[in-house]
Structure formats: structure tokens, C-alpha cells
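Protein chains: 2
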Amino acid sequence: MKKYAIGIDLGGTYTKLALVDKSGRIRCRAKLPTSAYKTKEALLTAIVAEIGAVLKESRLTLKDLAGVGIGVPGLVAFERGLVYYLTNVPGWKNVALKKILEAKLKVPVLVDNDVNLMALGESRFGAGKGARNAVCITLGTGVGGGIIIDGGLYRGTSSAAGEVGHMPLKEEGLKCNCGSTGCLERYVGNRYIVDEIKDKIKSGRATKIRELLRGDLSLLTPEVISAAAKRKDALAIECWRRVGGRIGVTLSGVINLLNPEKIIIGGGMAEAGEVLFKAIRDTVKERALPVSGNAVKIVKARLGNDAGIVGAAALFF
Amino acid sequence: MKKYAIGIDLGGTYTKLALVDKSGRIRCRAKLPTSAYKTKEALLTAIVAEIGAVLKESRLTLKDLAGVGIGVPGLVAFERGLVYYLTNVPGWKNVALKKILEAKLKVPVLVDNDVNLMALGESRFGAGKGARNAVCITLGTGVGGGIIIDGGLYRGTSSAAGEVGHMPLKEEGLKCNCGSTGCLERYVGNRYIVDEIKDKIKSGRATKIRELLRGDLSLLTPEVISAAAKRKDALAIECWRRVGGRIGVTLSGVINLLNPEKIIIGGGMAEAGEVLFKAIRDTVKERALPVSGNAVKIVKARLGNDAGIVGAAALFF
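As you go down the protein sequences, you meet chains A and B in turn. The first sequence begins at -12 in my numbering and counts up by one. The second sequence begins at -12 in my numbering and counts up by one.
FYI, nobody ran anything at the bench for these hints, they're computed from the structure. Ideal Cβ placement from N, Cα and C applies to all residues, glycine included. Some hints here could point you the wrong way.
Claimed, not checked - Computed beta-carbon distance windows for the label pairs:
| no. | chain 1 | residue 1 | chain 2 | residue 2 | range |
| --- | --- | --- | --- | --- | --- |
| 1 | B | Arg67 | A | Ile13 | 54 to 62 Å |
| 2 | A | Tyr179 | B | Glu210 | 41 to 49 Å |
| 3 | B | Leu161 | A | Thr32 | 55 to 63 Å |
Claimed, not checked - Sample of chain A residues facing chain B (criterion: CB under 7 Å; computed from the structure):
| no. | residue |
| --- | --- |
| 4 | Ile136 |
| 5 | Gly138 |
| 6 | Glu150 |
| 7 | Lys162 |
| 8 | Asn164 |
| 9 | Asp182 |
| 10 | Glu183 |
| 11 | Val236 |
| 12 | Gly240 |
| 13 | Leu276 |
| 14 | Ser279 |
Stated by the list, open to error - Coverage of chain A stretches by chain B, computed from C-beta distances (three or more under 8 Å per stretch; other residues unrestricted):
| no. | stretch |
| --- | --- |
| 15 | 220 to 228 |
| 16 | 243 to 254 |
Given these sequences and hints, build the entire structure.
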């Protein structure tokens, strides 16, 4: 078996790529500004050139590669390597990405959803190492998820599995972007958390967030709320407890359904740290069935922004 | 490969067993009144005797069996064949059922949860035939579930997966038997449906249910509500629509998480028929993400009370 693969994480802002060895170590990396390329053809040409550069720098050739794995922020037909659409990257509709890149590179190419690959990366080389069954969620603008079963990715019937963010938190609730109502994401997605805090500040709640922002509420982000929580700000702590409680309720359902060994939580919001994780764990303890609740470990993702590229390469290991 | 197995469904009222061939056909069957046996030893001795009788009647011997599969209503450690406890069958705590029966029978024995085996039976030989990924739920006193992945049972880390009934329908809701709040089962379990209807009748709602029961509300069961719904009784129809809506909300979450090919619905309440299934399907259409919602078929279980015994035998095929 070949010892190297290229992992690519195609994002709305940056496209990151790296040469990864079969122990999950990144040997050489590169980064492209996705939106600077006017067409997808231009972006793909630049990606191919960067792969060449990374290989040259590592004194390797395409022949040394097991393959090229690429994660994209959207819906993919994994078997065919077809990208149905990308969220936040215009111009990508029904793109036969696997076929296009294989024609250019002459090495095997696999295409998958980016959160799936983050889950695969964490389960092989990160916080989920050794777990046969795990669920990985990312907390950010949206709430994504990936499912590991028997050590491999579970993709479902249309490569669409893992949408933890669109599981119902409430039977009847607020309208979600997806068209449904009451979805977890509608209550814990970045912008909704920010809006909730803004409303409370506007209605006069005392908080250190005001000073941190020097009064400019438009600059409020989850990072600022986390910074305030670390300074023991009551409003910020209360926010993460509420968010953790909501995530914990939905995860209790996931845990009762799948009885996983690990839940791995990543994404920007995971940086809120212990206050968030404690609320999640306490809620799971209270709500999940004891057998499954006691069996699961809820841990923070460990590979950070590299999980996606490492997971993309791991498709070949 | 041997062509026959014994399938056993150990229930609180009856223990059913059958000789099943590898195409899932029942060749010969027997039934024991579970609660008539004072101890589990007495019940197991009777089961062994019945296996002998069924084999004799079929002109076969233990040597013709691939094995004996047994489904029980409770929590089981599948690999070890250990029954942790049974719901509604007293005296079963930490019973090494596989070991005990293998010592008596000298053939391989496998022990699993009864709803898991119903799911396996339906997926191999019933409504789920051909589906690689499916979720099977049973609607009755409780709401149980079993998960089929890649054609086989998915049991999770502690053989406890599939608890669809204890997924949260509401973030904050009524106290459930399991210790949590807002669980689906707390809103659609038999007794809760019956109680809701009784309350409405007592508060004066006109309904055909009254005549069907000749005024004796204590006789109300889901079957009576179904009978009234078939006679176009508004209260009964409204009841099944509400129940179907609730089940549909939770199933939308299951569908968004697992993107299954089929959802198979069995148990007594499934007999409510089209009015219930239409409400479930309409809700899934409204709430699930389109890709996964369009990919899934929601169907009624087909093997009825035989699903468990056929599934128990299917552990060997």
C-alpha cells in the first residue's frame, strides 16, 4: 500500500491541501483563496498546480500517491464523486468532480462532504481514535455531523446522513433555513446565539461583553462570548449553559438511537470549552437512557482545522 | 450451510418458537404460556422440550440446526448472550442465557433484544427486503426500534441502540418512565393515547367511541380508536393524525441523521392504517431535509407477530 495521499478541504474562504502520510501526519501543506478564482475551472487548475508543487517540495511524484481525497461543503454522491451543490461557493451545481480531477491527475480521486471527512479524520487520527462507533458534530454557522460505524464513515442511502443540526429540538418551534421548524441549528447556530445575546444586552443586561466590544455590538461573535465567559461574565456563562443544554437534549436522542462509544464535538464554538461541555454532559446524564448515557464519552475534537484534510487523505488508508 | 434454525420470541405473556428455514418460512411452531412457569429454569426446561417436539414433528434432529436464536424483551449483551434484565418478566437479572441453553442443547445459541430481531426479520424477509439501511419501529405499550445497516443489525456499543421511543419530541415536556422528559413514547405510547381520548370524552366530545364501548370507558384501547376512525369518527381520526404527526417529527430527525432507505412501522398501533401512515408521511415530507425525505420509503411491517421468531432464526442465515 502506498504511504501518502493528498487531502483537500475546499471551503468558501480557503481551499487547504496537504500531503498526508498513512499515520495521519501532515508532511507539507498549501492554501488557496477560494473566492479569488472566478470559475471552478480556474480553481481546479490552481489545485492541480498546488498538488504538483507540494509533491515537488516533498521530492515525490503522483506515482507515490494512494490518491487524492477532497472534502466539499455541500451535498455529494460519494460513489460517483458528483457534487450536487455547494453551500457558500457559487457556480457548483452537479459537478462530476471525481471524473474531472482523475482526468487531470491520473490518480484515484474520492469526493465527500467536508463534515464527513472531519469525522473520519478525528475518528482515525484524533479524538475518536480507537472508537468503532462515533458521532462527530461541528458547531459553527451551521451544525453539521458525521457518523462512524464499525470504524468507517456511514453515509446513508443518498450520502446525506449525519444532519444532527436538523434534528428537531422542539416539536413546534422557530422556522429553520431548511424549511422545517424547531431544528437544533435554529437554536444554536452562531448567528442565533449572537442575536439572543444582542437582544439581552439591548434590553439592559449588565455584561462584560459591552466593554470587550467597546460598545460596538455589531462586532459580537461567539468568540467574544467565550472570552467574556472566561472572565466569569454571568450573561456569557448563562448563554453557553443554555446552548450546551440544547445540544445535550438533541445528543441524548442521538445517543439513545445509536449508542455510540464517542461523541466528538468540534467547530469554532467548541472553543467555549468546559462551561459548554459540562452543560452538554450534564444534560446527557439527565436525559439519555443510563446504559447508553454511561457508555458514551463526549470529547472535544483534537485536529482543529486540519481534521478535514487529514480525513480526506484517510479515505485512502 | 444448514438450512434450518429455531427462532424463539420470549414474551411476557407467551413464548413462541418455530422451526424456520433459510428462506424465512416457518415450518412448524409451538407456544408456551410464559407466566405459567414459576421459575426461569422451569421455562427454559419447557423451551428445550418444545424444541425437541418441533424437531421430532419435522423429522429433524438438533444436528440439522444452524442454531437457536432467542429474542427477549429487555437489555442484552449480544456478544456474550447475557440478559441484563427483562421488562415484564420477573426473575431475570444477569442471566447467561446463551451459555445455559448451549449447555443443554449443544448447538450455537444467539440472544438478542426482541425489537432488534423483529427489525432483522422484517429487513430480511418482510417489508424491508432488499434495503441495505433501514429503521424499524414498533408502536405499542412502548415505542421500540431496531436499526439495520449494510443489511445487518446495528447494535451500538452496549447492544442498546435503536431506542427511538426515547428520542426527545420536546425540549421540555412531560416526565417519561425512563427518567427523562419529553420522550416520543410519553406522547404516543398506548396508554397515553388512551388517556388523552378518555379526557376528551369525559369533557363532553361527541364520538362513536362511546357507543363502541357501550359507555364503559375503561375498555378503551387503541384498537377501539382505530375501529372508530374506520367509521369516520372525527375524534378518532384527529387522534391518529396527532399521533402520526408526533411520530413523523421524531422520524424526521431519524431520517436526517441516518438517511435510511426504509422506515418499517409495526406493532399493534400500526393497525390504525392509512390515517396514521398518511400523517406520518405528510409530516416527514414537511420536516425532513428533501434529499433524505425523498429517499425514504415509510412502510408497514409485513410479518406481524412472526417477525420476532423469523428474525431470531435469521441470526443464523
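Quick one: which hint numbers does this structure break? Sort them smallest to largest. 1, 5, 7, 8, 9, 10 and 15
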